[in-house]
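Each chain, written out:
Number of protein chains: 4
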Amino acid sequence: MAGNTFGQLFRISTFGESHGIAIGVILDGCPAQLPIDLDFIQSELDKRKPGQSKITTQRKESDTVQILSGVFEGKSTGTPIAMLIPNEDQRSKDYSHNTDVYRPSHADYTYDAKYGIRDHRGGGRSSARETAARVAAGAIAKLLLKHHGIEIFAHVSSVGTIKAPNLQSNDVAELLAVREENIVRCADPATAHQMIEFIDGIRKDGDTVGGKVSCIIKNCPVGLGEPVFDKLHADLGKAMLSINAVHGFEYGSGFEGSEMRGSEHNDVFLATNGEGEPKTLTNFSGGIQGGIANGMEINFTVAFKPVATIMHNQQTINAAGEAAEIKGKGRHDPCVVPRAVVIVEAMAALVLADHLLRNKVSRVF
Amino acid sequence: MAGNTFGQLFRISTFGESHGIAIGVILDGCPAQLPIDLDFIQSELDKRKPGQSKITTQRKESDTVQILSGVFEGKSTGTPIAMLIPNEDQRSKDYSHNTDVYRPSHADYTYDAKYGIRDHRGGGRSSARETAARVAAGAIAKLLLKHHGIEIFAHVSSVGTIKAPNLQSNDVAELLAVREENIVRCADPATAHQMIEFIDGIRKDGDTVGGKVSCIIKNCPVGLGEPVFDKLHADLGKAMLSINAVHGFEYGSGFEGSEMRGSEHNDVFLATNGEGEPKTLTNFSGGIQGGIANGMEINFTVAFKPVATIMHNQQTINAAGEAAEIKGKGRHDPCVVPRAVVIVEAMAALVLADHLLRNKVSRVF
Amino acid sequence: MAGNTFGQLFRISTFGESHGIAIGVILDGCPAQLPIDLDFIQSELDKRKPGQSKITTQRKESDTVQILSGVFEGKSTGTPIAMLIPNEDQRSKDYSHNTDVYRPSHADYTYDAKYGIRDHRGGGRSSARETAARVAAGAIAKLLLKHHGIEIFAHVSSVGTIKAPNLQSNDVAELLAVREENIVRCADPATAHQMIEFIDGIRKDGDTVGGKVSCIIKNCPVGLGEPVFDKLHADLGKAMLSINAVHGFEYGSGFEGSEMRGSEHNDVFLATNGEGEPKTLTNFSGGIQGGIANGMEINFTVAFKPVATIMHNQQTINAAGEAAEIKGKGRHDPCVVPRAVVIVEAMAALVLADHLLRNKVSRVF
Amino acid sequence: MAGNTFGQLFRISTFGESHGIAIGVILDGCPAQLPIDLDFIQSELDKRKPGQSKITTQRKESDTVQILSGVFEGKSTGTPIAMLIPNEDQRSKDYSHNTDVYRPSHADYTYDAKYGIRDHRGGGRSSARETAARVAAGAIAKLLLKHHGIEIFAHVSSVGTIKAPNLQSNDVAELLAVREENIVRCADPATAHQMIEFIDGIRKDGDTVGGKVSCIIKNCPVGLGEPVFDKLHADLGKAMLSINAVHGFEYGSGFEGSEMRGSEHNDVFLATNGEGEPKTLTNFSGGIQGGIANGMEINFTVAFKPVATIMHNQQTINAAGEAAEIKGKGRHDPCVVPRAVVIVEAMAALVLADHLLRNKVSRVF
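Going line by line, the protein sequences match chains X, L, R and E. 1 is the number of the first residue of the first sequence in our numbering; add one for each residue after it. 1 is the number of the first residue of the second sequence in our numbering; add one for each residue after it. 1 is the number of the first residue of the third sequence in our numbering; add one for each residue after it. 1 is the number of the first residue of the fourth sequence in our numbering; add one for each residue after it.
For the record, the hints were derived by calculation from the structure and aren't laboratory data. Idealized CB from N, CA, C, for every residue including glycine. Incorrect hints may have been included.
Claimed, not checked - Restraint ranges, calculated between C-beta atoms of paired labels, are given here: (1) X:35 with L:315: 41 to 49 Å; (2) L:46 with X:281: 55 to 63 Å; (3) R:40 with X:177: 54 to 62 Å; (4) R:43 with L:146: 43 to 51 Å; (5) R:52 with L:53: 53 to 61 Å; (6) L:46 with R:219: 48 to 56 Å; (7) R:40 with X:365: 13 to 21 Å; (8) R:40 with L:169: 55 to 63 Å; (9) L:264 with X:197: 53 to 61 Å; (10) R:52 with X:273: 40 to 48 Å; (11) X:73 with R:297: 31 to 39 Å; (12) L:274 with X:166: 51 to 59 Å; (13) L:264 with X:190: 26 to 34 Å; (14) X:190 with L:274: 50 to 58 Å.
Sequences are here, hints too, so could you generate the full structure?
This is how it looks when you write it as structure tokens:
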């Protein structure tokens, strides 16, 4: 109820502050007998961790995950899986100058106003560090989805005004390989090169820039999604909007769809004549109709605002409402999207895993 | 769990199919002693009902609401408020030709695939008729918000490629008056005229077109929103995405924000020197920081795809997967946004009412 | 959250006051394609309705149920099933003398204290009339359980100090037939006769008396129940304790078990040698071990206090805290257990149906 | 949903197996600014830990708790409070002989049947060791309740057939002092002496015995409890029934109340004439009417079956259903109630804290 739990049947509860002892997550509802591959979980965390490249923050965290419960002899037991990620690089002193000052476009003021108390060290709970716990749990969700043949792939589709072309492949393994070859995590190598140059310039300016992450889900079983409120895209949208810095979500035809006519937007069904499941000629529906997956590729895009921490001095106020200046120093990400790709995938995986379970009780037979 | 409940503390459960006996809603968690103005609830429903003008469907429904419980001598009692809206214009025969055919970009196929059974009369549960129940409950949410001084205003900000300019007033009552003077519900009269002409042309073509609804929330108390998952904008986003035909949501700087730099996007705080609550110079944050309302105006935009029901014959398939043709006949909305304005407001009100209550338990003192 | 919803996956939300327009229930999560037998639902309600015999209240209510949604051509569609039971005998004037007076051991005072407003007509929401909605939903739960071969049987096992012997049959149909042959709903005819005589005397005294209802569940699948908090008996216990007038719950060895030694209480497993599921020699566990059904018969007992409405004049206070007298008049049940039998069964069925669905997602394979 | 979460607004999620790395809990929803006294939390755990006396198991666990998050400079921050209790005495080998054998009246068989996999070391998740996490969270609940003046006190009211007299004091501090002076935790020293002798004899027999814990709650605010399903006693009942080995729950007049007449059972209100809140002459209602606290002392009793682990050899079966013998060895509690007292208090505190928060949103004014 206090907002730190996500999912209904495949449900996570996260905890932890940026500069506390540890962050972590309890995953409750993972079905029993799922093989749990700790190396895979760690590899997912490695894609989110800071210090990966010149275009990510230089904060050092190994983000080593430990499983405390719920796994026995390599398999889930049906009991809660608790995972712990100790905080290592707790340079709290870096943040001592912020104790009494509200950083612009951060959550300093709103946390103080809401709770009357604030762990000011590195943003505390409002830090994107919290998303590491989501990635750990999302990795287990991916293992469950993989078991059902479902694949999720996200990449950086824009940085500032630099946009990647549409995906050139339907092969997720191939896309993944291409994406991981560049530090910005764009599936188009040429665009990736431009993006990296651009972000590096932004970094040298001490500034930041926004971007977009696009995601596809392949082999989603027909039927996932629970109308009328828990439509599949509504739950995906909430999941994405709950990620730090996200300001927008669209699926299928998205915002452009609002400019289209019905006669062009309608996805015409192709006759199957009994061979396999129905497909549609176009996919403006983004793989979801009436809130329920229709078996076509699910696709959506997530817009991230520029990171608020910049290396410029900024005017602001302190807790007393008096004018104050905040110094531009410390470590920061010039652009969050390269590290956000795996967070988007993790949240998508959590939504899918949840709806996979929920759909198991939709029929008597 | 099956998706027909929305909200945590101020919680609605809706029921009903398009052509069944009635639709309705139970609102559980409305605090006691709230004056319940039935006329206001009905007036909200009247803004959503079909048959209002030449640019809405000609289906006739008075959408008369009846309160069955939870209100005594004009006030809420703290017990569940059940509201019933009988279906009047149940011309089921209009839909008999659709019994075995999947209409393109409707939910016919996905409902059948998910449940193995489908009430095919007018879309059954997947019909936007269900949103009448949301509007009724949302009206009570508005009464609660009004009690706390919170105002919500939405209008049609685009139809197809016709876009309205930014709002010219901060006075919600004035905006509302302007909006209700035109049948498309746009707060800019000149744009409204263009939109109406355009939609009427679309209607004559037997086609449909998408559009956008923009919404502002004024006087939202600082502190509403529950990080990390139930961020205020995440819950707003889910609420909007759960409305039929919505394909996108953005708040604050939205998708454009992804192209900006941090140095221009950051909302600088203005010194209060002890006078009132902090304000920011700009509002790219859209009134929400770290998922918590910061006291500035909340604003967001919702993209609607074009209505799938068109008056053209279309190729499709039947339940056996065989090619079939669907005839363009019956009654339909050429553009859904004029009627969607009040649905957007209702869902926003439900989210705000819920978070208003949730925030009451955030502190010991 | 406000307490009017029960169940997780098979979930009901009830509404309505004793003397309002109607009471009712939304059942969300009933799996699609379940045949819905309206006659059976009505027959269950008939067992709870007032005015059945000389030992129940003479209030007249036909308790005729109407299904508003969620059922199409005789089967559940997977969408919410709303059911309505209009209130007919709304003699509000009978209760006008109670407007300002708190009846002893009723909920008049606590509702007023909690909500600051109270529908005083016949107890409003606190009336046991609300349980009719549970019985209607419970009937559908029974249909789902029947589909899985699960049987539930309850009867009056004591009235005052008159106790029935242990059940003499394992045949639920037979037990049911015997039970329904007497108006007190005890499966032992001789004891039933004593109970009826006793209650009739109590009634003539204008007094009331408590009693107990015992319930068995046969053919419960092994595995139902979700440790550690949602143990099957914990959910059964909550379900029973939520029924008006219930003051105690025990299962298996119950309170007597607290006097036993482990060496006598342990239920020894019998070797199956591969033939069928394990059984135990004794069943002090009441069919549940570690919160999970073990396949043996589930049994529990529920204690009801005497009804608070008596035909004697009683000293009490009014809302101002001043001494007042309450007159003994109106219609009342001298003993609630004969009508409570079907409520106990309904709540048990709702718990079982919920856990049946919940258990479907406990394993990957 | 999978059963490891308890509470709605003041909500805990526990994790961990008996012989895993650690057990722990996330408490979400603790209001901000509550002083968190770690020493008090530890002192509560010390009352539950094994190895306290000759009548408890000799397993050695310091049960040292660590707070990982949610507390800053000694106060709650409104973010999740995670607590970790490492397992120290992990003598898994003690349990290796049980790998393939189902111990009678344990959860070995049902966990295996439900999940198809089982952590057999010391009962895994089904071990009462899990309750340590509840005690830690319950201690924080007690701190919140103390802040509101609410006191909870439980003690051992019976062991086997040895029953303690009614409490001789209304002073919780005094009762607590008396209780803690004896190792069985009975508030009556003379009875305590008898109980200890009896349990010691049982222990020497290698046997176990059941008992009862009774609990009172003082200064509970009028209004707590959420009808109709989340009645205060229904939530207390579920809380107690979720504790390992509990087979029964009663409040107020309890099972005896089923034998009483209304004319004797009704709690007559005493006139206040404007001085303070209404009181009743008797308290058969146990401080709760219509599911809502009425300001009188809340009281209830919990029945525990005898511990299943005995030092006798027992006949049983293995996973193949073949006859097997289980050896009586290892460490065990001859009677669970002395250590259960603080668990009962913790669960009661969690229920009260939850309802305290829930009641904050029951009225507009």
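At the C-beta level, are residue 52 of chain R and residue 273 of chain X separated by a distance inside 40 to 48 Å?
-> violated, 59 Å
Is 41 to 49 Å a correct range for the gap between the Cβ atoms of residue 35 of chain X and residue 315 of chain L?
-> holds, 45 Å
State, for the Cβ atoms of residue 73 of chain X and residue 297 of chain R, whether the hinted interval 31 to 39 Å holds or is violated.
-> holds, 34 Å
Confirm or reject the claim that residue 40 of chain R and residue 365 of chain X have a C-beta distance inside 13 to 21 Å.
-> Given about 20 Å between the Cβ atoms, the range holds.
Cβ distance range 53 to 61 Å for residue 52 of chain R and residue 53 of chain L, holds or violated = Check passed, 55 Å falls within 53 to 61 Å.
Between residue 190 of chain X and residue 274 of chain L, does the C-beta distance stay in 50 to 58 Å?
-> holds, 55 Å
Status of the given 55 to 63 Å range, CB of residue 281 of chain X versus CB of residue 46 of chain L = Since the Cβ atoms of residue 46 of chain L and residue 281 of chain X sit about 39 Å apart, the hinted range of 55 to 63 Å is violated.
Okay, residue 264 of chain L versus residue 190 of chain X on CB: inside 26 to 34 Å?
-> Cβ of residue 264 of chain L to Cβ of residue 190 of chain X: about 28 Å, so the range 26 to 34 Å holds.
Does the Cβ pair residue 43 of chain R, residue 146 of chain L satisfy 43 to 51 Å?
-> At 47 Å between Cβs, range holds.
Determine whether the Cβ-Cβ distance between residue 274 of chain L and residue 166 of chain X falls within the hinted range of 51 to 59 Å.
-> holds, 54 Å
Using the C-beta atoms of residue 46 of chain L and residue 219 of chain R, is the stated range 48 to 56 Å upheld?
-> holds, 53 Å
Is 55 to 63 Å right for how far apart the beta carbons of residue 40 of chain R and residue 169 of chain L are?
-> The hinted range 55 to 63 Å holds for residue 40 of chain R and residue 169 of chain L, with Cβ atoms some 59 Å apart.
Of the numbered hints given earlier, the model fails hints 2, 9 and 10; all others are met.
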